[in-house]
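Peer 1: Construct all of the structure, not just a fragment, from the sequences and the given hints.
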Amino acid sequence: RGVRGRDQLLRALRHQKVVGGKLGTCLLEIDAASEEEIVRALAEQQNVPSVTPEELRSVPADVRRLLPAKVARTHFVIPVRATSTQVEVAMIDSRDLRALDELAFVTGRRVRPMIATEARILEALEKHYGEECPQRFAKLVERLDRASFLRRSREEPEPAAQLSWDEAFEPS
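Sequential numbering from 487 applies to the sequence shown in our numbering.
What the hints contain is simulated information worked out from the structure, not anything from laboratory work.
As a list, the in silico BS3-like pairs of lysine-lysine whose alpha-carbon atoms are at most 25 Å apart:
1. 508 x 625
2. 613 x 508
3. 613 x 556
Distance ranges between label pairs, derived from CB positions:
4. 517 x 554: 31 to 41 Å
5. 587 x 612: 21 to 31 Å
6. 572 x 636: 29 to 39 Å
Note that this is a predicted model, so its numbers are computed, not measured.
Backbone N, C-alpha and C define an ideal beta-carbon position, used for all residues, glycine too.
Peer 2: Shown next, in the form of structure tokens:
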């Protein structure tokens, strides 16, 4: 998408060759892109909506029960929302037709894929299905959460100083 230079891309590809994983994960690990940039690019590339880390962390129990743990672990998917006819699932690769077919069969609903990073899917699999998140991804998630917290705290305006009643009306 032209956001990163050739040098950073080559560095990420070398990193990927050594440690494996998705290119987006490697870009995050070498600080070549933000999580938001990666998710936005994936959503655009795969033409599906993205899901936020907060949505992945707060999946209702009744939605989780739609998808057996074995299926979620096998396909690296997390059900996020559901209606009586449709289930929205966060995936690493929304173009995995075999996974989409199995999800539709298992849930008995139409599947609407959504995109999330590899690290966030693994974090959610641990939280909701007890699948241990590999140390590499746990460290990355921790770093991403810390960066997100720091960014939000810089964006929030400082609270205005409030005068007490006595200070506002003291005689001079």
